[in-house]
Amino acid sequence: MSVRPDVGLERLIHGLEQELLEAADEEFTSGAHDLGMNPESKGSSAFMGVKDLSPQLLAALRLRVKRNIDA
Amino acid sequence: MRSYLKKAKTAELVPVQPPAVQALALKLVSNCDLLRLKVIARLHGRSLPPDVSWADLLQEAFTRVLDGSRAIPAGVPAVAFLAGVMRSIKAEHWRRRRRANEQQPVLATEYQVVAAETAEACDTRPDPERWLIAAQQLQAIGLLFAPDPVALQIISGLGDGLTAEEIRQTLGMTKTDYDSARRRMRRALIRAGLTMGVR
Chain A
5 MSVRPDVGLE RLIHGLEQEL LEAADEEFTS GAHDLGMNPE SKGSSAFMGV
55 KDLSPQLLAA LRLRVKRNID A
Chain B
5 MRSYLKKAKT AELVPVQPPA VQALALKLVS NCDLLRLKVI ARLHGRSLPP
55 DVSWADLLQE AFTRVLDGSR AIPAGVPAVA FLAGVMRSIK AEHWRRRRRA
105 NEQQPVLATE YQVVAAETAE ACDTRPDPER WLIAAQQLQA IGLLFAPDPV
155 ALQIISGLGD GLTAEEIRQT LGMTKTDYDS ARRRMRRALI RAGLTMGVR
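Chains as they are written, first to last, in our numbering: chain A, 5 to 75; chain B, 5 to 203.
By construction, these hints were calculated from the structure, which means they are not laboratory data.
Backbone N, C-alpha and C define an ideal beta-carbon position, used for all residues, glycine too.
Take the hints with a grain of salt, since some may be wrong.
To be verified - Derived contacts from chain B toward chain A, CB cut-off under 10 Å, selection only:
1) 24
2) 87
3) 134
4) 163
5) 165
To be verified - Below, a list of computed lysine-lysine pairs in the DSS-like style, where the Cα atoms sit at most 27 Å apart:
6) B/31 with A/55
7) A/70 with A/55
8) B/31 with A/46
Input sequences plus hints: build the corresponding full structure.
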């Protein structure tokens, strides 16, 4: 790569993001199946970080709820 | 009898659902869209400051769409729009960090001396932390595709800002070979995006 690392990484991420946006749904479900995950089940580990909350995010959302209650 | 238990605050009793789950319930996205967005968030997470996780980035993007601060324009797919929101949140984080760093003039000046020798003359002043993270992540992405020399060449082309057609011509590949390399790259990205831990 002939550019600065931060510039190169952003360009690379953008290019790979386009690839992921164009990929068929089946590529994601079969990718999960290959890893032994079952994305059809509600609590699948494939959704870790997506359907659950990190402690930081939980605190931020609670703060937002508190502000709405106080307002 | 006096209770020593701390009285729970009202906000702590309100059930909080992740914004991504709310969006799923509203049928804004499907389960498969969530998988796709997770892999994309993971990818963007590679160039995030260390105190921000890909999961925070993803949930923040959903929050902005759900609270109306970012409205999805008609005709734009929700997943593509959310990916764009993640990109802009990431840029915001780095801008904020840069402003904070500018309040440390001594460190910034010291860095400029080093940077001037290595950076391209036409580029704006780089953020040293961002530079370091990017160098490490480029290496990590290289390792991800290490068994696939064609994918490595495509990655190098993407990093140089070349289009798919330009990369294909530069590498002298047929469209079939190029598409098959892209499929392998997507498979590796999807596996990495769904496998790793939360950070």
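Checked hints:
Given hint, residue 24 of chain B at the interface with chain A, holds; its Cβ is 5 Å from that chain's nearest Cβ, closer than 10 Å. Because the smallest distance between the Cβ of residue 87 of chain B and any Cβ of chain A comes to about 6 Å, under 10 Å, the interface hint for this residue holds. Hint status for residue 134 of chain B: holds, given a least beta-carbon distance of 5 Å to chain A, under 10 Å. About 4 Å separates the beta-carbon of residue 163 of chain B from the nearest beta-carbon of chain A, less than 10 Å, and the hint is met.
The beta carbon of residue 165 of chain B is positioned within 10 Å of a beta carbon in chain A (closest approach about 5 Å), and the interface hint is therefore held. Between residue 31 of chain B and residue 55 of chain A the CA atoms are separated by roughly 15 Å; this keeps the pair inside 27 Å, and the hint holds. Taken as a hint, the residue 70 of chain A and residue 55 of chain A pair is honoured in the structure, with Cα atoms around 22 Å apart against an allowance of 27 Å. Pair hint residue 31 of chain B plus residue 46 of chain A holds up; C-alpha atoms about 15 Å apart against a cutoff of 27 Å.
This entry satisfies every hint, going by the numbered hints stated previously.
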